[in-house]
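Listed here are the chains, written in short residue letters.
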Amino acid sequence: MDFPHLHLLLNHFPIIGTMVGAGLFLTSLFVRTEDVRLSSLIILIVVALLSIPAFITGVGAQEKIVADTSISNDRIQRHEGAAELAIWFMEVTGAVAVIALWQCVRRVTPAPWITLAILVFTLLTVALMARTGNTGGEIRHSEIRSGEENTAADAALAYFEPSPARFTRLMIINKWWWAFMMDMHFFGLVLLIGTIGMLNLRVLGFVKQVPIAALNKLVPWGLAGFGLNVTTGLLAFIGMPTFYTHDIAFVLKIAAILLAAAAMVVFYLSGAFRDCETLGAGKDAPLRAKLIAGTSLVLWFAVIVLGRYIQPLQDSIAR
Amino acid sequence: MAVPLFLNALEQTGFSTWLRESESVFGFYFILVLHTIGLALVVGPNAAIDLRLLGLAPEIPLPPLKSWFNLMWLGLAINAVTGVVLVLAYPSKAFTNPDFYLKLTLIGFAIWNLQRMKRQVFDGLTQDEEAMLAKGRMLAVWSLLLWAGVITAGRLLAYTCSYLVYGVPC
Numbered sequence: 001m002d003f004p005h006l007h008l009l010l011n012h013f014p015i016i017g018t019m020v021g022a023g024l025f026l027t028s029l030f031v032r033t034e035d036v037r038l039s040s041l042i043i044l045i046v047v048a049l050l051s052i053p054a055f056i057t058g059v060g061a062q063e064k065i066v067a068d069t070s071i072s073n074d075r076i077q078r079h080e081g082a083a084e085l086a087i088w089f090m091e092v093t094g095a096v097a098v099i100a101l102w103q104c105v106r107r108v109t110p111a112p113w114i115t116l117a118i119l120v121f122t123l124l125t126v127a128l129m130a131r132t133g134n135t136g137g138e139i140r141h142s143e144i145r146s147g148e149e150n151t152a153a154d155a156a157l158a159y160f161e162p163s164p165a166r167f168t169r170l171m172i173i174n175k176w177w178w179a180f181m182m183d184m185h186f187f188g189l190v191l192l193i194g195t196i197g198m199l200n201l202r203v204l205g206f207v208k209q210v211p212i213a214a215l216n217k218l219v220p221w222g223l224a225g226f227g228l229n230v231t232t233g234l235l236a237f238i239g240m241p242t243f244y245t246h247d248i249a250f251v252l253k254i255a256a257i258l259l260a261a262a263a264m265v266v267f268y269l270s271g272a273f274r275d276c277e278t279l280g281a282g283k284d285a286p287l288r289a290k291l292i293a294g295t296s297l298v299l300w301f302a303v304i305v306l307g308r309y310i311q312p313l314q315d316s317i318a319r
Numbered sequence: 320m321a322v323p324l325f326l327n328a329l330e331q332t333g334f335s336t337w338l339r340e341s342e343s344v345f346g347f348y349f350i351l352v353l354h355t356i357g358l359a360l361v362v363g364p365n366a367a368i369d370l371r372l373l374g375l376a377p378e379i380p381l382p383p384l385k386s387w388f389n390l391m392w393l394g395l396a397i398n399a400v401t402g403v404v405l406v407l408a409y410p411s412k413a414f415t416n417p418d419f420y421l422k423l424t425l426i427g428f429a430i431w432n433l434q435r436m437k438r439q440v441f442d443g444l445t446q447d448e449e450a451m452l453a454k455g456r457m458l459a460v461w462s463l464l465l466w467a468g469v470i471t472a473g474r475l476l477a478y479t480c481s482y483l484v485y486g487v488p489c
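Taken in order, these protein sequences are the chains called A and B. In terms of my numbering, the first sequence has 100 at position 100, counting the first letter as 1, and numbering is strictly consecutive. In terms of my numbering, the second sequence has 323 at position 4, counting the first letter as 1, and numbering is strictly consecutive.
Here chain A stands alone, though its shape is the one from the complex (with noise of 0.2 Å):
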């Protein structure tokens, strides 16, 4: 298994997942039924997730192929810039998601605001997301080639879309900038740790005291802590692209942060919360909830640690 592998086999989410996301989305609004909505959530939610490794594994594919005179660079990097675009749109998409999904189970219903962004974004999404398939697709596949006539939409995207080598060069050409990135990366941090990691610890029987739905109520601050980091970590990225695929510590942190996405997921909505969320001061949390929070917890600590060694283990995986 290595990046082209990789990359083949997750870059296929964000492009079908937005579309199914958006069907049932759409489909919620007329059929007005709450697990069509809450499916449609939950989607677009995993593919805005899984869209992160679609994108790095894309750089790890591209270094497999660029040695090879037979392909075209320009086309590598028109594919590379419509990922650029798509991406920002796709984790937009996403935290319009999470702030919908979690209204829904405190069985608040959306407001129109949220109903209208997710809308907007999303078919937003599944343009960008179908133009950078196709991009792709047009480096190895000469039939789907459509010549230079361009259609005036895509002039007009492509005129938003950033050069890969400007958007990098962008991100690193100022120290400070950068150390800015990483001042926030680490604010996410401890908003992450303050809210989500004390609730865990909470769940696990640490200070009872404190019931469980209470302090729950500071979880979305660690959703912003989440966010700021995604996009902190995202930009870190395109600023320099091989120094972390050529790292096992930036990959394994990347492993963890979906495992830590996912066991949350898993925490809200199999019913693990609701069991927590009736307990009063005092009272300890079902063994269920007990081991969903304890794996969050470590791997979010796993999350901090494998960042930590990233610097060390460069050049870890053979360029």
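Think of the hints as simulated: they come from the structure by calculation, not from any bench. Check before you lean on any hint, since a few could be wrong.
Said to hold, decoys possible - Simulated pairs of lysine-lysine, DSS-like, Cα-Cα distance not exceeding 25 Å:
id	chain 1	residue 1	chain 2	residue 2
1	A	Lys175	A	Lys217
2	A	Lys290	B	Lys437
3	A	Lys208	A	Lys290
4	B	Lys385	A	Lys208
5	A	Lys283	B	Lys385
6	B	Lys437	A	Lys175
7	A	Lys208	A	Lys283
8	B	Lys437	A	Lys64
9	A	Lys283	B	Lys454
10	B	Lys437	A	Lys208
11	B	Lys385	B	Lys454
12	B	Lys437	B	Lys385
Keep in mind the model is a prediction, meaning the values are calculated, not measured.
Use these hints to put chain B onto chain A, whose structure you have.
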């Protein structure tokens, strides 16, 4: 600034050299990992308490949060020890950087602020919510500002230095 000789002597000790040069995963970066975990244990719960004192999540009862301070003291203890070890690895680098003194000063104020929060807000015998909040609000603002300053000053240590080791400019 002339670099004092004793920093060179410190750097030449076996432990300091091992920290800098060891290829082992338990070398310098292991200490750095522990320092980051300590940071998470101090500032994480403290930030949550600050948010609560500023009026967010009023459902959280204040008195039991007093027990969270034990976790914060543990984090502080870890970081006091690992902080000294990190300085032992690169003493010239630390002591010739003004940002290092800024960080220590901010840590001093942040711990002082934390102790005041513990005494004035959580050690009160009345445990009257309104009274606790009234006393805690300004301390919470200072807590957030000071820890943000500590983290920023700490992060900047990676981007600012005059000497890497004795006699070797950065």
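> Does the structure keep Lys208/A and Lys290/A at a Cα separation of 25 Å or less?
Replying inline: Cα-Cα ~13 Å, so holds.
> Are Lys437/B and Lys385/B close enough, with their CA atoms no more than 25 Å apart?
Replying inline: Given pair Lys437/B, Lys385/B holds - Cα atoms ~7 Å apart, limit 25 Å.
> Is the Cα-Cα distance between Lys437/B and Lys64/A 25 Å or less?
Replying inline: 57 Å, violated
>> Against the 25 Å threshold, does the CA-CA distance of Lys283/A and Lys385/B hold or violate the hint?
In response: 18 Å, holds
> Is the straight-line distance between the alpha-carbon of Lys437/B and that of Lys208/A 25 Å or less?
Replying inline: Between Lys437/B and Lys208/A the Cα gap is close to 19 Å, so the pair holds against 25 Å.
> Lys290/A and Lys437/B: Cα distance at most 25 Å?
Replying inline: 29 Å, violated
>> Tell me if the straight-line CA distance from Lys208/A to Lys283/A falls inside 25 Å.
In response: Holds: Lys208/A and Lys283/A sit about 6 Å apart, inside 25 Å.
>> Holds or violated: Lys175/A and Lys217/A, Cα atoms, limit 25 Å.
In response: It is violated: about 37 Å lies between the C-alpha atoms, which goes past 25 Å.
>> Would the hint linking Lys385/B and Lys454/B be met if the CA-CA limit is 25 Å?
In response: 15 Å, holds
> Between Lys283/A and Lys454/B, does the CA-CA distance stay at or below 25 Å?
Replying inline: 30 Å, violated
> Taking only the CA atoms, is the gap from Lys385/B to Lys208/A under or equal to 25 Å?
Replying inline: 12 Å, holds
>> Does Lys175/A sit within 25 Å of Lys437/B, going by the straight-line distance between their CA atoms?
In response: 38 Å, violated
Figure legend: structure checked against the earlier numbered hints; hints not met, in rising order: 1, 2, 6, 8, 9.
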